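**Q** Residues per chain, in single letters:
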Amino acid sequence: MLVSLRLLLLTFWLGCLAAPTGQAATVVIVSSELSPAYAQAAESLERELERTGWSRHDMLQLTAAELAGAGVLTPKLFVALGAQAANALALAPLKAPVLCALLPRSSFERVLRSSGRKASSQFSALYLDQPLSRQLGLIQLALPEARRIGVLWGPDSQAQAPTLRTLAQARGLTLLEANVEQGELLFPGLKAALEGADVLLALADPQVFNSSSIQNILLTSFRAGVPLVAFSPAYVRAGALLALHVTPEQIGQQAATIVGGVLQGKALSVTPLYSQDFSVAVNEHVARSLGLRLDAVALRTLLRQREAAP
Amino acid sequence: MKLGGIRHRMLLAAVLPVALIAVLLAAVFLFTRFDDINAAHRQRARSLARQLATACEYGLFSGNVSQLRTLAGGALREADVRSVAIVNAQGQVLAHAGKPSYQTQPLLDRQEREHFEPNADLDLLLQPIAATQVPLDDLFEAQVSTVGGAAQTAPAQLLLGHVLIEFSRESLNQRARQMLLTGIAITLGGLLFGALLAARLGRGVIRPIARVSQLIERIGAGELSARAEVLPDDPLREVQQGLNVMAQRLESGRDELEQRIATATQALREKKEEAETATLAKSRFLAAASHDLRQPMHALGMFVARLAQLPHDAPTTHLIGNLEASVQALQDLLDGLLDVSRLEAQAVQVQLRPFALADLFEQLRASLSLTAQQKGLRLRVRPTQVWVLSDSALLHRILLNLLSNALRYTPAGSVLLACRSGADGQHVRIEVWDSGIGIAPEHQSAVFKEFYQIGNSERDRNKGQGLGLSIVERSAQLLGYPLQMRSSLGHGTRFSLRVPLAPPGVALERRSPLRPRTFEDIAGLRVLVIEDDQLVREALVSLLTSWRVEVAVADGMAMALALLKSAAAPDVIMADYRLRDGENGIEVIHQLRALAGQPIPACLISGDTDATLMQAAAVASLTLLQKPVRPAKLRSLLRRLSRAVQADGGDGA
Numbered sequence: 000m001l002v003s004l005r006l007l008l009l010t011f012w013l014g015c016l017a018a019p020t021g022q023a024a025t026v027v028i029v030s031s032e033l034s035p036a037y038a039q040a041a042e043s044l045e046r047e048l049e050r051t052g053w054s055r056h057d058m059l060q061l062t063a064a065e066l067a068g069a070g071v072l073t074p075k076l077f078v079a080l081g082a083q084a085a086n087a088l089a090l091a092p093l094k095a096p097v098l099c100a101l102l103p104r105s106s107f108e109r110v111l112r113s114s115g116r117k118a119s120s121q122f123s124a125l126y127l128d129q130p131l132s133r134q135l136g137l138i139q140l141a142l143p144e145a146r147r148i149g150v151l152w153g154p155d156s157q158a159q160a161p162t163l164r165t166l167a168q169a170r171g172l173t174l175l176e177a178n179v180e181q182g183e184l185l186f187p188g189l190k191a192a193l194e195g196a197d198v199l200l201a202l203a204d205p206q207v208f209n210s211s212s213i214q215n216i217l218l219t220s221f222r223a224g225v226p227l228v229a230f231s232p233a234y235v236r237a238g239a240l241l242a243l244h245v246t247p248e249q250i251g252q253q254a255a256t257i258v259g260g261v262l263q264g265k266a267l268s269v270t271p272l273y274s275q276d277f278s279v280a281v282n283e284h285v286a287r288s289l290g291l292r293l294d295a296v297a298l299r300t301l302l303r304q305r306e307a308a309p
Numbered sequence: 000m001k002l003g004g005i006r007h008r009m010l011l012a013a014v015l016p017v018a019l020i021a022v023l024l025a026a027v028f029l030f031t032r033f034d035d036i037n038a039a040h041r042q043r044a045r046s047l048a049r050q051l052a053t054a055c056e057y058g059l060f061s062g063n064v065s066q067l068r069t070l071a072g073g074a075l076r077e078a079d080v081r082s083v084a085i086v087n088a089q090g091q092v093l094a095h096a097g098k099p100s101y102q103t104q105p106l107l108d109r110q111e112r113e114h115f116e117p118n119a120d121l122d123l124l125l126q127p128i129a130a131t132q133v134p135l136d137d138l139f140e141a142q143v144s145t146v147g148g149a150a151q152t153a154p155a156q157l158l159l160g161h162v163l164i165e166f167s168r169e170s171l172n173q174r175a176r177q178m179l180l181t182g183i184a185i186t187l188g189g190l191l192f193g194a195l196l197a198a199r200l201g202r203g204v205i206r207p208i209a210r211v212s213q214l215i216e217r218i219g220a221g222e223l224s225a226r227a228e229v230l231p232d233d234p235l236r237e238v239q240q241g242l243n244v245m246a247q248r249l250e251s252g253r254d255e256l257e258q259r260i261a262t263a264t265q266a267l268r269e270k271k272e273e274a275e276t277a278t279l280a281k282s283r284f285l286a287a288a289s290h291d292l293r294q295p296m297h298a299l300g301m302f303v304a305r306l307a308q309l310p311h312d313a314p315t316t317h318l319i320g321n322l323e324a325s326v327q328a329l330q331d332l333l334d335g336l337l338d339v340s341r342l343e344a345q346a347v348q349v350q351l352r353p354f355a356l357a358d359l360f361e362q363l364r365a366s367l368s369l370t371a372q373q374k375g376l377r378l379r380v381r382p383t384q385v386w387v388l389s390d391s392a393l394l395h396r397i398l399l400n401l402l403s404n405a406l407r408y409t410p411a412g413s414v415l416l417a418c419r420s421g422a423d424g425q426h427v428r429i430e431v432w433d434s435g436i437g438i439a440p441e442h443q444s445a446v447f448k449e450f451y452q453i454g455n456s457e458r459d460r461n462k463g464q465g466l467g468l469s470i471v472e473r474s475a476q477l478l479g480y481p482l483q484m485r486s487s488l489g490h491g492t493r494f495s496l497r498v499p500l501a502p503p504g505v506a507l508e509r510r511s512p513l514r515p516r517t518f519e520d521i522a523g524l525r526v527l528v529i530e531d532d533q534l535v536r537e538a539l540v541s542l543l544t545s546w547r548v549e550v551a552v553a554d555g556m557a558m559a560l561a562l563l564k565s566a567a568a569p570d571v572i573m574a575d576y577r578l579r580d581g582e583n584g585i586e587v588i589h590q591l592r593a594l595a596g597q598p599i600p601a602c603l604i605s606g607d608t609d610a611t612l613m614q615a616a617a618v619a620s621l622t623l624l625q626k627p628v629r630p631a632k633l634r635s636l637l638r639r640l641s642r643a644v645q646a647d648g649g650d651g652a
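Listed in order, the protein sequences are those of chains H and S. According to numbering that gives the first Met the number 0, the first sequence is numbered sequentially starting from 0. According to numbering that gives the first Met the number 0, the second sequence is numbered sequentially starting from 0.
Source of the hints: derived by calculation from the structure; they are not laboratory data. Hints are supplied without guarantee of correctness; some may be wrong.
Label-pair ranges, simulated between beta-carbon atoms [what the hints assert, rightly or not]:
hint	chain 1	residue 1	chain 2	residue 2	range
1	H	Ser288	S	Tyr101	39 to 45 Å
2	H	Val71	S	Gln132	41 to 47 Å
3	H	Gly224	S	Thr103	41 to 47 Å
4	H	Glu180	S	Arg41	40 to 46 Å
5	H	Glu42	S	Gly72	56 to 62 Å
For clarity, every value in this text was computed on a predicted model and none was experimentally measured. A virtual CB, placed ideally from N, CA and C, is assigned to each residue, including glycine.
Could you put the whole structure together from the sequences, leaning on the hints where they help?
**A** Pasting the structure below:
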């Protein structure tokens with residue numbers, strides 16, 4: 000009873016405060032939508048800021064849809080969570096810098112293309128995907144025997160191909176590449192990529208890896224005896240062996256660090272950043288069926304240690 | 000036939016609902032079953048198509064045609080599957096099995112479709128094959144839909160191709176047919192069973208009805224002893240019991256009635272026999288009495304006649320006159336009684352023959368003119384030339400009685416006997432008129448009864464015996480002549496009798512229109528008297544002798560024959576009918592005639608009034624004189640017979 004009363008009073012107070020002081024918010028967080036991932040990221044962000052001494056009054060949470068009706072906002076920084084929010088903020092004439100988070104690199108680049116912007120200290124990003132070197136590192140950690148890595152390039156991921164080739168070569172790995180063009184059948188490329196591969200590395204590209212295709216991709220790779228290393232825990236649940244990913248909380252935390260820096264007067268990184276923290280997911284069933292014993296926590300720890308080491 | 004109608008109706012009433020229910024139930028169950036197996040068929044077909052589609056997913060994804068063929072072949076082995084085709088998203092047939100009935104590929108889209116080919120009895124099922132959706136809840140994917148816009152939106156579900164599978168309905172239809180046949184068989188069986196049951200149960204009702212009906216028919220036909228056999232489980236038990244009671248009552252009622260009728264008949268018969276016995280006794284008495292009275296009466300008459308012939312002094316003569324009158328009255332009474340008894344005994348035979356009425360009238364006039372004269376009355380007989388067809392004796396008796404009556408009851412004036420022609424030309428009316436006292440209307444119907452006399456309670460003998468009109472009526476009835484009487488008190492009476500005329504063709508000859516009076520005197524006539532009764536014999540001899548007739552006497556046949564042999568043949572034989580030792584007069588006369596060699600005129604005298612005797616006499620052509628024979632009558636007979644002798648003698652001379 001007392002709690003609810005307090006909550007009511009707080010809400011009222013916040014309501015009274017928010018309207019006139021909306022413009023007074025220091026940080027405006029714009030979420031693409033109100034799904035749990037965004038909420039978790041936003042919550043993590045706010046909590047971290049609060050922990051570092053910021054008040055919640057300095058933060059304003061909006062959705063991309065609410066942005067248009069929010070009036071003139073004059074924060075020190077905008078944080079866009081998700082591609083939609085990033086797109087909305089990219090199109091808005093804003094003075095404050097914008098940090099785009101919780102979106103894959105391909106999406107950020109598409110936003111830049113469609114808005115005509117360039118990555119700058121005014122419009123930077125914190126990618127959702129993991130750096131290719133880390134992914135290769137994880138593969139080498141988890142599957143030390145693997146030498147040949149199959150990769151399927153789609154329209155959105157094609158751009159990363161040279162980078163990956165360079166990285167692979169540096170690590171003594173061979174890439175078995177295949178392209179899947181728009182509208183083309185997946186299977187021939189997939190078959191080519193799997194031919195002789197020790198592991199299939201899935202890179203985020205909705206044209207290739209989506210909810211309709213993943214089942215058959217997993218089935219094909221499983222039949223071929225090639226484990227799939229993916230970029231999201233959902234793939235692990237669907238049957239991928241490993242996934243290297245970053246959680247919304249981790250994104251939120253890192254975003255909070257960046258936000259804190261900007262609020263303290265630092266500029267945003269001109270080049271978009273990859274998340275420093277990450278998580279590893281393992282499908283124990285798949286691992287067992289492949290005769291592997293993998294521990295997600297251990298892998299993460301090891302990977303972090305290796306990254307920390309020069 | 001009627002029972003047959005009932006039987007049919009009962010059968011119909013029992014079977015019709017059963018038939019209706021059986022047919023309805025069969026129809027409902029069959030339709031339900033058809034629906035069920037149809038639904039099952041479709042469900043199975045669809046699930047097979049879905050399974051096949053699922054199985055084909057990876058084959059289509061991977062373009063593994065051989066796998067798809069294996070799958071198609073496997074599906075074809077399933078029951079009822081006729082053809083299978085697996086088509087990729089581009090509409091290209093990757094694998095097929097069996098021969099499809101469709102020529103062109105049907106429309107393929109994301110919907111599950113179904114086509115029914117009625118001609119081929121085939122179901123074509125279209126099953127889209129979509130990639131299995133794995134929910135990723137992925138941030139990577141979400142960005143695309145928002146940033147990329149509609150054009151770049153990934154398909155919600157990737158369509159990999161289609162499965163086209165054809166199912167035959169043959170087995171389905173066969174099962175349906177079997178089911179229908181089974182249903183019909185069960186229905187018919189049920190109907191048959193129902194009909195048999197109804198017939199069997201109906202028989203239990205029909206039979207008692209038939210029994211009751213038959214029983215009623217038998218009772219109706221008069222067989223009242225018929226009884227229904229009452230069975231304990233009979234549905235019409237009470238009716239049959241009631242019928243039995245009814246039949247029993249009818250029977251007992253009829254028996255009782257018959258018993259009563261028999262009793263009554265018996266009583267009647269007894270009464271009748273009693274009456275007949277009484278009548279017979281009376282007749283016998285009368286006959287006996289008349290016979291037994293006749294004999295002495297006969298003698299008495301003759302004695303008195305003889306006595307009168309003797310010379311007497313005046314008082315004695317007067318006394319004899321009274322005696323004669325008394326004898327006369329007694330004889331009249333006896334004659335009347337005799338007539339009545341003969342008529343009553345129906346001993347009188349009507350012998351019709353044509354004769355001249357004038358003769359009869361003349362006889363009557365001759366008989367009664369003396370009486371009329373004595374009474375100072377005028378008896379007028381109107382002459383007539385008419386011949387009638389009648390019995391002269393009976394008619395004579397009728398008229399004699401009527402005239403005697405008229406004379407008796409007419410104190411002064413005249414009595415008329417006349418004959419008038421009838422209006423039709425076939426009859427005459429004989430009338431007897433008198434100017435007498437007349438009969439009062441209240442007595443007119445009673446005057447014909449025996450011994451009925453008006454104003455003669457003291458039974459004055461001079462007023463007759465009261466038998467005359469009774470004899471008249473009976474005789475007229477016997478002849479069939481209507482008798483009419485018209486009378487008014489103080490102005491006389493008229494009796495009329497309708498008598499048929501003789502047919503015109505009859506030879507109308509009067510045997511002796513003028514009676515020859517040449518041999519009036521019978522003196523010297525030789526008469527053989529055969530009489531067993533001595534008293535009568537003596538009286539007769541005495542009388543005949545007084546007429547100066549030569550009399551020979553015999554008491555029997557033997558003596559008569561002896562007399563005939565010893566002396567000359569008599570002129571006339573006069574024989575009593577009943578003789579001693581069983582002899583009779585007819586036989587004696589025959590014997591005498593035979594012995595004499597000539598038909599000697601003869602007459603019979605008898606006290607019997609027996610009809611057979613009269614007939615026998617008539618057959619023998621013998622005149623029968625009834626005792627007591629009046630002297631006058633006897634004399635006239637002798638006179639007549641002597642004429643025959645004279646004629647014979649004349650002829651002989």
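**Q** Taking the hints in turn, state whether each one holds.
**A** Consistency of the hints with the structure:
The hinted range of 39 to 45 Å is satisfied by H/Ser288 and S/Tyr101, whose Cβ atoms lie roughly 44 Å apart. Taken as a hint, the range 41 to 47 Å holds for the pair H/Val71 and S/Gln132, whose Cβ atoms sit roughly 44 Å apart. Between H/Gly224 and S/Thr103 the beta carbon distance is about 43 Å. The supplied range of 41 to 47 Å therefore holds. Under the hint 40 to 46 Å, the C-beta atoms of H/Glu180 and S/Arg41, about 42 Å apart, fit the expected range.
Separation of H/Glu42 from S/Gly72 is about 57 Å and conforms to the stated range, judged on CB atoms against 56 to 62 Å.
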